[in-house]
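Here's the letter readout for the chains.
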Amino acid sequence: MFNKKRGYIDLSNAKKNQAALDSEGNFSCPSCSAWISEAQKIQNNDFCPRCSYHFAVSAWERIHAICDENSFEEWDANVSSVNPLEFPGYEEKLAKAQEETGLIEGIVTGRGSIGGFDVVIGAMDSRFMMGSMGSVVGEKICHAMEKAIQYSLPCIIFCCSGGARMQEGMFSLIQMAKTSAAVGRLHEAGLLYISILTHPTTGGVTASFASLADIIIAETGALIGFTGPRVIQQTTGQILPPGFQRSEYLIKHGMVDLVQPRVEVRSLLIRLLNVHQGGNHG
Amino acid sequence: MFNKKRGYIDLSNAKKNQAALDSEGNFSCPSCSAWISEAQKIQNNDFCPRCSYHFAVSAWERIHAICDENSFEEWDANVSSVNPLEFPGYEEKLAKAQEETGLIEGIVTGRGSIGGFDVVIGAMDSRFMMGSMGSVVGEKICHAMEKAIQYSLPCIIFCCSGGARMQEGMFSLIQMAKTSAAVGRLHEAGLLYISILTHPTTGGVTASFASLADIIIAETGALIGFTGPRVIQQTTGQILPPGFQRSEYLIKHGMVDLVQPRVEVRSLLIRLLNVHQGGNHG
Amino acid sequence: MAKNKFEFEAPYLLLESKLDELRKLSVQLNTDFSAEIANIEKRLDQMREERYQHLTPWEQVLLARDVDRPTTKDYIKLLCSDFIELHGDRLYGDDPAIIGGIGIIDGRAVTVVGHQKGRDTKENINNNFGMPRPEGYRKAHRLLLEAEKFGRPVLTFINTPGADPGMGAEERGQAWAISEMLLCLSSLRVPVVSVVTGEGGSGGALALSVADRIIMLSNTVFSVASPETCASILLRDSKRADEMAASLKINAKSLYDMGIVDEVIEEPPRQYLLESTAFVQTLENSIKRHLDELCSLDVSELVELRYRRFRKIGKFNE
Amino acid sequence: MAKNKFEFEAPYLLLESKLDELRKLSVQLNTDFSAEIANIEKRLDQMREERYQHLTPWEQVLLARDVDRPTTKDYIKLLCSDFIELHGDRLYGDDPAIIGGIGIIDGRAVTVVGHQKGRDTKENINNNFGMPRPEGYRKAHRLLLEAEKFGRPVLTFINTPGADPGMGAEERGQAWAISEMLLCLSSLRVPVVSVVTGEGGSGGALALSVADRIIMLSNTVFSVASPETCASILLRDSKRADEMAASLKINAKSLYDMGIVDEVIEEPPRQYLLESTAFVQTLENSIKRHLDELCSLDVSELVELRYRRFRKIGKFNE
Ligand SMILES: [Zn+2]
Ligand SMILES: [Zn+2]
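Chains D, E, Z and Y supply the protein sequences, listed in that same order.
Heads up: the first sequence begins at 1 in the numbering used here, then just goes up one per residue.
Heads up: the second sequence begins at 1 in the numbering used here, then just goes up one per residue.
Heads up: the third sequence begins at 1 in the numbering used here, then just goes up one per residue.
Heads up: the fourth sequence begins at 1 in the numbering used here, then just goes up one per residue.
So here's chain D without its partners, still in its complex pose (with noise of 0.2 Å):
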């Protein structure tokens, strides 16, 4: 159901096959309606040439992206959400996540090679409940970290979220704390964790595995931080400077080692996996 998309998505091919993708029809900007081509979005780093929108890229784009052809094998595949307090619609909303994105759930993690370099990776999907993290989102990090000291391998993680699936209540804001301790033990392992932070990464992920990589990646222009933009100026009844809580902030502020644009950050995987191994390659 993936390969059919696989064409466009291959950003890192993204010139070569540019004729190709004319072909494949124009669409509109979700924020200011401009009809833009694949091609010009690719071109433009996934911004809106009008109005600088960020587009989202689903969790499949992403590791088709990143990943090297044919190499992504996909791990808990099946595992699925369930409705633990009973929340009234939230099974609705599940299913109706499950239509619109073709995900069983907000990430998908498995194994895979960049430029040669096995590692484990994952990629949260913001199309999914706004990329919250749930039950499932939380054991599937895990998991990837647990078989990454199992494998002894890089862990890489595309993160994008909204904060925590509030439907699960507690169980989801324990995912916090069950992937922190996932990274703990990755750390202990003495592998390499990096963390990849897309247009949205906010709230109960940012607090917890996105931002203990030993290398923070911010993509260009994302939106980063604990409590989202709105809730401050809500709050605190401030207005926000241009440019707040966005990478080259964060980067500015110290907290991100790397700011990206999206097209880049494959070939900075590979150098960083690379440098990583004393350029020993394998």
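By construction, these hints were calculated from the structure, which means they are not laboratory data.
On a predicted model such as this, the values are computed, not experimentally measured, just so you know.
A couple of the hints might just be wrong.
As the list claims (entries may be wrong) - With a straight-line cut-off of 27 Å between C-alpha atoms, the simulated DSS-like cross-links for lysine-lysine are: (1) Lys315/Y with Lys147/E; (2) Lys312/Z with Lys93/D; (3) Lys42/Y with Lys24/Y; (4) Lys18/Z with Lys3/Z; (5) Lys147/D with Lys149/Y; (6) Lys5/Z with Lys73/Z; (7) Lys93/D with Lys315/Z; (8) Lys239/Z with Lys5/Z; (9) Lys252/E with Lys149/Z; (10) Lys93/D with Lys239/Z; (11) Lys149/Y with Lys122/Y.
Unchecked claim - Which bits of chain E does chain Z cover? Going by a derived footprint, with three or more residues having C-beta under 8 Å, they are: (12) 184-198; (13) 247-258; (14) 268-275.
All C-beta atoms in this analysis are idealised placements derived from N, C-alpha and C, irrespective of residue type, glycine included.
Starting from the known structure of chain D, arrange chains E, Z and Y with the ligands on it as the hints suggest.
Leaving out everything else, chains E, Z and Y with the ligands in the frame of chain D:
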């Protein structure tokens, strides 16, 4: 030679000794020249009642005020400075300092007890070449910490310093690294290390062993920092706000655990040593 | 939707005032209703106790937030035979919304860390209403590492509306400070016991709660986000917070049933908690018992058990 | 007292310009002085080389501070086959006066940290003239702990006038940040090699120099405080800095003789350093040799040797 002084500097007994003190005569404040009695000085926690000048306490006064009577046994009493760089005038300055203070160098170290708790204790003396740290001060601190490890004792150091002993050049600067490394060994041995920052503690001492303690106590009103206020003002042209680099400023900025008046430091140390051992005295 | 505990207490307070009037009248009339009044009072107490047994989740939220609840400092005074507060993160500042220090409980050196709400408006403004800033977590972090160095068990008290929602907290990396706490606690090589003494609000509360044992007082709550926030986001109506309080299952009893907390300590109805000797004794005993159990474990077993304790929380189909 | 290297270079520069004039004249006059000019040039080079062999300590200070010296970024470009700069202390900010990251040297993953002066006024203002603020030390500290996690050796480059003398640096605990670095490096469980590439100024330089091996380039200095500061304090006359530069024994050769540094690498006279292949080769070989030696040691032996290396520095009578 120190017994004569012992009477009036046992600050914890200040009140009951007061009558005796008045008879010891008056002296003049080095800052505003006010004539005050020893009793007034002690009552006012060693601040001048007129200009708030913070009177220096000698190393031996400090040790007698803090340690249980007759409990202190000095170590390395005869370790003395040489002139490793053949720095012009250094030997004369050392001789003058020794004559004026009755000390061989700017720190006294040894073993004693405080409220019945055995400790390793060191006290710097700001009168000895402004409490500067040269090879001897560094050596005595390292040796005291190594003995604390050997005897498994808590280590307590009263700091006061104008910084590095410039006349010893790089030998002096390296004492920062050397004493910090010794603190590292204390930490590895799981031993309690308390530093008390007294007026003034600046320069290389602040940027090494003084700020690496498990618990840092600042004496009320002490000047504590790396760069001294005069240099900051001269270099940056900024007017320093009142209270800048004083103990109360430091606790507000998160740098010290506690601010305590001089007369209460002994009782605080006893409480800390007691709590540290779970109230299991001895 | 009630705004504070006095709304559901109103009928009892009214009845109490009527009994007072009756007493005064009886004096004026020179008659004696004391037996009847005593009877009514006894039934009033029963009714109230009954009422407190069946508080709605929202009413429990109100009680959890009640400004009359003891604060961390009160519990420290109660439990520790000596306590020395320590300050500062050694990096930037000293956050009064989280206090910490070392004390003695039952002859054992303990590091105590907890949220500190104010007892009045002035104190609350100073303490940021118990909402920690990054400095607070970092101070706590430092004290935890010291506890580990000295092999001292850690006791934490949880009572916060949540992390500070201001610009400064974001600027100084609040998310980073919280995650570092979660990481630190999850592998800390000394026992950790947490007591929820009021509101357990979101990440700001969780940051101090990654413990071997979590104890909740019966009228406290622990929530992924405040019921108001959930109502505002999920129902687009923050006034329906009471519904959310029920749906989110945030009260002590529900969380115990879900296996998220280990023990619930019953609060006496409407009495200032620390005046109830039964309550105080139960709390003291519980903390001591947990510390005794945990201190007897081998350190690596302790850490492994803590990892598993959190690792298994979560519900899903495979 | 000379203010910069051009003052003691003036006679040679003057002679060079005269030779240029002579050359032009010879063309005008249609005569050939080339043999004579070549001869003079050769002697000029010899004189200059001789002069550079006998620089006064103060002249070495001027050369150490020379803005034309290569910066840490230049050395990284020279030595690393790939390098990725990493930013931030994860607490407060990113200090451009200290840069750090990971790279590959000779097939070995290495963490590199160093002071970064600017190459021009604009860059120097941005980089605070290479004077670190607390954020800089804390970034370095974080990168050192990562190096330790991954067992990566550490290479540091030292070139700073000293710690930042401003209010903000004091406010955010500069002394604490420096001491934490000294403590961290003194027990770091990976090899550490430092290269002094310019000014080693006071605590700000020492913070990156607690290494297993300290290499100094021949025209660099390392000092407890700047000669100006010492002159101002000890002689009450900052203009007598040249005297202090001599008394303090701050040049590479003296420090080698005192056992404080392990190796001095000769700089070619008056040539842009990185253009001298001999110099570059010697530096590369030296770093590789030290890393090879240190990486072959058992970790606990390495840490013990580093402790003893510093422990024994200091002169006194017992
Ligand atoms: Zn748009
Ligand atoms: Zn005075």
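Hint-by-hint comparison with the structure:
Among the hinted pairs, Lys315/Y with Lys147/E is consistent with the structure: their alpha-carbon atoms are about 20 Å apart, no more than 27 Å. Between Lys312/Z and Lys93/D, the direct Cα distance comes to roughly 25 Å. Compliance with the 27 Å bound is thereby established for this hinted pair. Restraint check for Lys42/Y and Lys24/Y: satisfied, since their Cα atoms lie roughly 19 Å apart, inside the 27 Å limit. Between Lys18/Z and Lys3/Z, the direct Cα distance comes to roughly 24 Å. Compliance with the 27 Å bound is thereby established for this hinted pair.
About 19 Å separates the Cα atoms of Lys147/D and Lys149/Y, which keeps this hinted pair within 27 Å; it holds. A threshold of 27 Å between alpha carbons decides the hint, and for Lys5/Z with Lys73/Z the separation of about 23 Å falls inside it, so the pair holds. Restraint check for Lys93/D and Lys315/Z: satisfied, since their Cα atoms lie roughly 17 Å apart, inside the 27 Å limit. Pair hint Lys239/Z plus Lys5/Z holds up; C-alpha atoms about 17 Å apart against a cutoff of 27 Å.
About 25 Å separates the Cα atoms of Lys252/E and Lys149/Z, which keeps this hinted pair within 27 Å; it holds. Between Lys93/D and Lys239/Z, the direct Cα distance comes to roughly 22 Å. Compliance with the 27 Å bound is thereby established for this hinted pair. A distance of roughly 37 Å separates the Cα atoms of Lys149/Y and Lys122/Y; the hinted pair therefore is violated under the 27 Å criterion. Interface restraint, the stretch 184-198 of chain E with chain Z: holds (3 residues with C-beta to C-beta distance below 8 Å; minimum three).
With 8 residues having a beta carbon nearer than 8 Å to a beta carbon of chain Z, the stretch 247-258 of chain E meets the requirement of three or more and the stated coverage holds. With 5 residues bearing a CB less than 8 Å from a CB of chain Z, the stretch 268-275 of chain E meets the requirement of three and the coverage assertion stands.
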